[in-house]
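Visitor: Combine both chains into one complex, guided by the hints.
Listed in order, the protein sequences are those of chains A and B.
Quick note: the first sequence, position 78, residue 117 per the numbering used here, numbers continuous.
Quick note: the second sequence, position 169, residue 371 per the numbering used here, numbers continuous.
Rather than coming from a laboratory, the hints here were simulated on the basis of the structure.
A couple of the hints might just be wrong.
Taking CB as the label site, the calculated pair distances span [stated by the list, open to error]:
1) Q274(B) <-> Q59(A): 46 to 56 Å
2) A69(A) <-> M203(B): 30 to 40 Å
3) R391(B) <-> E71(A): 41 to 51 Å
4) L116(A) <-> S349(B): 50 to 60 Å
5) E309(B) <-> S114(A): 44 to 54 Å
Straight line, CA to CA, 27 Å or less: simulated DSS-like cross-link-like pairs of lysine-lysine [stated by the list, open to error]:
6) K313(B) <-> K396(B)
7) K61(A) <-> K235(B)
8) K396(B) <-> K61(A)
9) K328(B) <-> K371(B)
10) K461(B) <-> K61(A)
11) K366(B) <-> K235(B)
Cβ coordinates follow ideal geometry from the N, Cα and C atoms, glycine included.
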Amino acid sequence: MSWLDFFRANRKPEPASATQAKERLQIVLAHERIGRTREDFLPRLQQDLVAVVARYVAIDPGKVNVALDRGGDISTLAIEIELPGAKPASAGASAEAVRA
Amino acid sequence: MAQVIVVTSGKGGVGKTTTSAAIATGLALAGKKTVVIDFDVGLRNLDLIMGVERRVVFDIVNVIQGEARLNQALIRDKRVDGLAILPASQTRDKDALTKEGVAEIIEELGKDFDYILCDSPAGIEKGALLALYFADQAIVVTNPEVSSVRDSDRILGVLQSKSKRAEEKRDKVKEHLLVTRYDPNRVERGEMLKLEDVREILAIPLLGVIPENESVLRASNTGMPVILDTESVAGQAYKDAVGRFLGEELPHRFLEPDKKPGLLRRLFGGRAA
Numbered sequence: 040m041s042w043l044d045f046f047r048a049n050r051k052p053e054p055a056s057a058t059q060a061k062e063r064l065q066i067v068l069a070h071e072r073i074g075r076t077r078e079d080f081l082p083r084l085q086q087d088l089v090a091v092v093a094r095y096v097a098i099d100p101g102k103v104n105v106a107l108d109r110g111g112d113i114s115t116l117a118i119e120i121e122l123p124g125a126k127p128a129s130a131g132a133s134a135e136a137v138r139a
Numbered sequence: 203m204a205q206v207i208v209v210t211s212g213k214g215g216v217g218k219t220t221t222s223a224a225i226a227t228g229l230a231l232a233g234k235k236t237v238v239i240d241f242d243v244g245l246r247n248l249d250l251i252m253g254v255e256r257r258v259v260f261d262i263v264n265v266i267q268g269e270a271r272l273n274q275a276l277i278r279d280k281r282v283d284g285l286a287i288l289p290a291s292q293t294r295d296k297d298a299l300t301k302e303g304v305a306e307i308i309e310e311l312g313k314d315f316d317y318i319l320c321d322s323p324a325g326i327e328k329g330a331l332l333a334l335y336f337a338d339q340a341i342v343v344t345n346p347e348v349s350s351v352r353d354s355d356r357i358l359g360v361l362q363s364k365s366k367r368a369e370e371k372r373d374k375v376k377e378h379l380l381v382t383r384y385d386p387n388r389v390e391r392g393e394m395l396k397l398e399d400v401r402e403i404l405a406i407p408l409l410g411v412i413p414e415n416e417s418v419l420r421a422s423n424t425g426m427p428v429i430l431d432t433e434s435v436a437g438q439a440y441k442d443a444v445g446r447f448l449g450e451e452l453p454h455r456f457l458e459p460d461k462k463p464g465l466l467r468r469l470f471g472g473r474a475a
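If we strip away everything but chain B, and leave its shape as in the complex, we get (with noise of 0.2 Å):
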């Protein structure tokens, strides 16, 4: 049976759709078939993150309202074998989910995947319930920052109350906690929260740090999930993370703050850039 994994966060901008491209690439290099599903519709953008967007025809919508067929509407990855992207609408509204379409599609997607990744909307509208509605596991994106970790908390009361599992009063939807956009400089001045800090308010099993890095914004902009690009600290991070999801006991990396800066700019004031 296939896993339904919920990628959410109440905020947005945190890094959502980031966080599924990234971890849906990583789990299908892992050799774990994997479809990752945008349910952010009229605003959607995994297919741009993906690279995708210029080969799709069909979306979502089309599929719930049978106007066409699931394996018409999939795109397939042309870097990763057994990844598959299944957009968003861009033109309809969130009213054009319904949680029986989305039921069927989650069915039938599991017949032939591993896993299958749900790319929330920002908010606790339809649409981010919908994404959350069906998941056995959440990967909560949190940023070190106070309205993104209040949100986050909130969200994980949504999962516990409104998701099919908590429904049908079965084993919780299982939280995973991925702090992204982390800058260890910023937490060692004092400017933002400390690792701890998050784990601790938040209280849920930690699954990752991706720390901010500039290859994030160079891989959405050229459409490459970010995992791909091995070279980059937010890559590497990632891949942990995936192999963490798959039971691998990695050590947390990229937590550390840059070296101290040298003498001459110790001795005239000059602060880390």
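Next up, chain A with everything else stripped away, as it sits in the complex (with noise of 0.2 Å):
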């Protein structure tokens, strides 16, 4: 702390945004660069798990949940389907999650 600090109380760091930039584009385009060479296998396994889901379970394909979380050492992929309560009376069904 130096008497210079008080004339400058009014300048703030500036956050590092461009750090930010950086970490966000090494992240996205790997995942890109990836995805270049093979098509897009999402909706593909997304209904093939619901379609082993169904043999077992009547389910309401409307209502399945897709969620995808790309980061820079581990990616996941959340696949969130409700299964049609066992009694009409309880509130709510169960979900049950499927993690990739």
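Guide: Encoded structure:
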């Protein structure tokens, strides 16, 4: 701390947004470069998984949620298929998530 | 055999046309016979940037459709010897361009010119794909900004898969990175991607860095390729880029921020403008 800081009080350090820009680019491009050589498999994966589950449980195809989070080291794919409740009285339906 | 060079970027507004005009003019100034073709059918602008908008009679679509001969459509630059412009059509749409038609034009131009520059439209649709299809070399224009870098990466993928060279499995299109609108002051403040970051991410050889500079707007206002403004930093940076393109070894300039503000401004917290 020096007395000079008094005069500099209005000078906040800049958030280093350029660093975030670089990190975000590196992650998104790593994924896009892989995708360039392969077709997008997600829609088919979703269809296949839903088909397997539907073989055992009656499900509503409209109640399927797919969430993808692309990360630097690992990515998570969460597929949430809503199963119909056993008793009509129970509020809401139980949900199960398949993680890949 | 003439070299075909595409000036491309994926993203719009990063400086493709400014670059096409400057590099084409620079190559002609260096004694190379150069023609620059506007592929942005429907949204032509190279004519304005080159300052020949009042001399456009026929355009590339007229030539492809046999309504005019190539020589009638070519506009010879009055300032620089050996420089010609083939304008895009303003009234037709992109579908008026055909691969066969463009191939014929490029073959015919190749007899008279050393370099054929193709100013690509933005996007990765037909016009952009045709602009890069015949390329031997590509100048990828990139701003130090996330969407531009991402689109440049995408267009590099397209060059490697959809160009004629890729289809025929010949040597790949030679890629050059041209970073434009670079602001060393903002880089120093951590607000803008550093040159090294852009180079690291795209990983292609660097042709040049054009600093953000008011001379570029002035040049477009007056229809004079900015490389002719030899006093301006952007003009000099483009001249260096042309020199490197032709094989000269030149250091990259204009990468350092303005010198520090004076003592009083530092004391009272003034920020560099």
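Visitor: Within a Cα-Cα threshold of 27 Å, do K61(A) and K235(B) meet the stated pairing?
Guide: Roughly 40 Å between the alpha carbons, so the hint for K61(A) and K235(B) is violated.
Visitor: Is it true that the CA of K461(B) sits at most 27 Å from the CA of K61(A)?
Guide: 26 Å, holds
Visitor: Given the hinted pair K366(B) and K235(B), is their alpha-carbon gap at most 27 Å?
Guide: Between K366(B) and K235(B) the Cα gap is close to 24 Å, so the pair holds against 27 Å.
Visitor: Assuming the hint says 30 to 40 Å, is it satisfied by the Cβ distance from A69(A) to M203(B) or not?
Guide: Between A69(A) and M203(B), where Cβ atoms are some 38 Å apart, the hint holds.
Visitor: Would you check the hint for K396(B) and K61(A), treating anything up to 27 Å between C-alpha atoms as holding?
Guide: Roughly 9 Å separates the two Cα atoms, so the pair holds.
Visitor: Given a hint of 46 to 56 Å, does the C-beta separation of Q274(B) and Q59(A) actually sit inside it?
Guide: At roughly 53 Å between Cβ atoms, Q59(A) and Q274(B) fall inside 46 to 56 Å, so the hint holds.
Visitor: So does R391(B) sit 41 to 51 Å from E71(A), Cβ to Cβ?
Guide: 29 Å, violated
Visitor: Please check whether E309(B) and S114(A) have a Cβ separation lying inside 44 to 54 Å.
Guide: 47 Å, holds
Visitor: Using the C-beta atoms of L116(A) and S349(B), is the stated range 50 to 60 Å upheld?
Guide: 25 Å, violated
Visitor: Holds or violated: are the alpha carbons of K328(B) and K371(B) at most 27 Å from each other?
Guide: 21 Å, holds
Visitor: Can the restraint linking K313(B) and K396(B) be considered satisfied, given a maximum Cα separation of 27 Å?
Guide: Status violated; Cα separation ~42 Å.
Hints 3, 4, 6, 7, counting from the list given before, are not met by this structure.
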